[in-house]
Structures are given as structure tokens and as C-alpha cells.
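*Asks:* Sequence:
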Amino acid sequence: MSEKRALLAEKKLPKPSEPFFFLKPTSSYIVEGQDVKVPAGAVVNEEVELGVIISKSCKNVTVNEAMNYVGGYCLALDMTEANFVADSQKKGLPWTFGKGFDTACPVSRFVSVEELKDPSDVNIWLKVNGRKIQDANTSDLAFTIPELIASITRYITLEPGDLILTGSPPGIQPVHPGDVMEAGL
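Be aware that the sequence shown starts at 1, since it is given in UniProt numbering, and climbs by one per residue.
By construction, these hints were calculated from the structure, which means they are not laboratory data.
These numbers come from a predicted model, not from an experiment.
A virtual CB, placed ideally from N, CA and C, is assigned to each residue, including glycine.
Do not take every clue at face value.
[Claimed, not checked] The calculated DSSO-like cross-link candidates involving lysine-lysine, where the alpha carbons are at most 30 Å apart (straight line), are: (1) 24 to 91; (2) 117 to 24; (3) 59 to 132; (4) 37 to 132; (5) 132 to 24; (6) 37 to 90; (7) 90 to 24; (8) 59 to 117; (9) 127 to 59; (10) 127 to 117; (11) 117 to 132; (12) 37 to 24; (13) 59 to 24; (14) 117 to 37; (15) 132 to 91.
[Said to hold, decoys possible] Distance windows between CB atoms, simulated: (16) 180 to 41: 18 to 24 Å; (17) 110 to 137: 18 to 24 Å; (18) 91 to 67: 33 to 39 Å; (19) 21 to 102: 29 to 35 Å; (20) 82 to 21: 39 to 45 Å; (21) 23 to 178: 17 to 23 Å; (22) 56 to 173: 36 to 42 Å; (23) 94 to 33: 29 to 35 Å; (24) 71 to 173: 29 to 35 Å; (25) 180 to 56: 35 to 41 Å.
Generate the whole structure from the sequences, applying the supplied hints.
*Replies:* Here's what the structure looks like:
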């Protein structure tokens, strides 16, 4: 995850010296049109993000090589159980259950690299119940896509189909059962 600079400012947080990541289990992924199942009693926030889909296995990739491993993109919603994550942060614990609950990551159709030629300059937006609440450009990412890939592959081998979420713009807010979310590029 590499938050947008504006979101860091909104939260009054400094830009970290390096990206921070967490993993989502495959049970968290759903395709657009499927329902997010909010855990009982949870406060779930939405976060629209550009997803980067890896095309081939890579390890110890440089920033200059990184885009050679990108097969395409998608839009993703990083649904977050806010109270669990806040409590985990206070205790210094991982965010797995707050970020990776079942259905926590709706993803759009695949967008090829030919369709999205410059992922460093694309607008992403999210509407909830018809009201636009997030709208930003990927040029505002705290870390570039090549920087994210290079950082991850220092520690983890990325495989074809792996998905990297690049960070959310400001405007994160809770969603409720029955809310309709619509995202776009």
C-alpha cells in the first residue's frame, strides 16, 4: 500500500521513508457486481485504488526494470474494518483481519497495459450512492508503481496474477449495508 500524498496530509502523517505493505488472502477478492459482506458489528471504510497486476515471476527487481513485469491493471476497493485496524495499530499487530476479511477486495475487469499507457497519470474516483467521495490522480501516489514493485521484490517473489494496490486518495469514509459503490478511471 502506498497512500496518496494528499491522504497522508489529511491524516497529518509524514510520508514514510519506504512503502508499507500487507497481504490479502484470495478469499477477500470478488469481482465487480458481487456484494461485500460486512462482518457483524464492523465499521467498514472504502478505499478506491489502482491495482497493478503482475505478469511474470520477479525477485529483486530494480525501479528501472519494474514495469517490464506489469501485465495490466484494475480498479480495486480496499475495504477496511476501521476499528480492527485502529486497534491493531495501537497494539503494533498486523492488520490482516481488518484488511483481508472475506469479500474485502472487489476488483474491476482487467485493463491491459495497451489500454492504460501511463498509469502514473490516471484519475481514479469512487461514488457511494451516486455521490463522488474520492477523486484523485495517480501522480499523487506517495511512491511510484516501479518503486512499489522494487520494494516488494526485495523480500517477496511476485508471481503472475499477484495484485498490488497502490494507495487510496483522501475522502475515505464508512459504508453501510445496502450502499452502492461505483468506481472508475
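*Asks:* All the hints need checking, so say for each whether the structure fits it.
*Replies:* Now the hints, each set against the structure:
For the proposed pair residue 24 and residue 91, the alpha carbon gap of about 20 Å is at most 30 Å, so the pair holds. Taking the CA atoms of residue 117 and residue 24, the gap is near 27 Å; set against the 30 Å cutoff, the hint holds. Of the supplied pair hints, the one linking residue 59 and residue 132 is violated, its CA atoms being roughly 38 Å apart against a limit of 30 Å. For the given pair, residue 37 sits about 22 Å from residue 132 by alpha-carbon distance, which is consistent with the 30 Å threshold.
Taking the CA atoms of residue 132 and residue 24, the gap is about 26 Å. The hint holds against a cut of 30 Å. At most 30 Å may separate the alpha-carbon atoms for a hinted pair to count; residue 37 and residue 90 meet this at roughly 26 Å. The suggested pairing of residue 90 with residue 24 holds, with an alpha-carbon distance near 21 Å, which does not exceed 30 Å. Distance restraint check for residue 59 and residue 117: the Cα-Cα separation of roughly 24 Å lies within the 30 Å cut-off, and the hinted pair is therefore satisfied.
Restraint check: the Cα-Cα separation between residue 127 and residue 59 comes to about 37 Å, which exceeds 30 Å; the hinted pair is violated. Of the pairs offered as hints, the one joining residue 127 and residue 117 holds, with about 24 Å between alpha carbons and a cut-off of 30 Å not exceeded. Restraint check for residue 117 and residue 132: satisfied, since their Cα atoms lie roughly 25 Å apart, inside the 30 Å limit. A hinted pair counts as satisfied when its Cα atoms are at most 30 Å apart, and residue 37 with residue 24 qualifies at roughly 15 Å.
Note on residue 59 and residue 24: the hinted pairing holds, with a Cα-Cα distance of about 20 Å set against a maximum of 30 Å. Proposed proximity of residue 117 and residue 37 is contradicted: the alpha carbons are some 34 Å apart, above 30 Å. In summary, the hint linking residue 132 to residue 91 is not supported, as the alpha carbons are separated by about 34 Å, beyond the 30 Å threshold. Checked against the given bound of 18 to 24 Å, the beta carbons of residue 180 and residue 41, roughly 22 Å apart, stay inside it.
The supplied range of 18 to 24 Å is met by residue 110 and residue 137, whose beta-carbon atoms lie about 21 Å from each other. A hinted range of 33 to 39 Å holds for the C-beta pair residue 91 and residue 67, which are about 37 Å apart. Our hint of 29 to 35 Å for residue 21 and residue 102 is violated, since their Cβ atoms are close to 21 Å apart. For residue 82 and residue 21, the hinted distance range of 39 to 45 Å is not satisfied, since their beta carbons lie about 19 Å from each other.
The supplied range of 17 to 23 Å is broken by residue 23 and residue 178, whose beta-carbon atoms lie about 29 Å from each other. The hint said 36 to 42 Å for the Cβ distance between residue 56 and residue 173, and at roughly 37 Å that hint holds. For the hinted restraint 29 to 35 Å between residue 94 and residue 33, the CB-CB distance of approximately 30 Å keeps it satisfied. Separated by about 32 Å at the C-beta atoms, residue 71 and residue 173 satisfy the suggested range of 29 to 35 Å.
Between residue 180 and residue 56 the CB atoms are about 36 Å apart, so this pair conforms to the stated range of 35 to 41 Å.
When each numbered hint is compared with the structure, violations occur for hints 3, 9, 14, 15, 19, 20 and 21.
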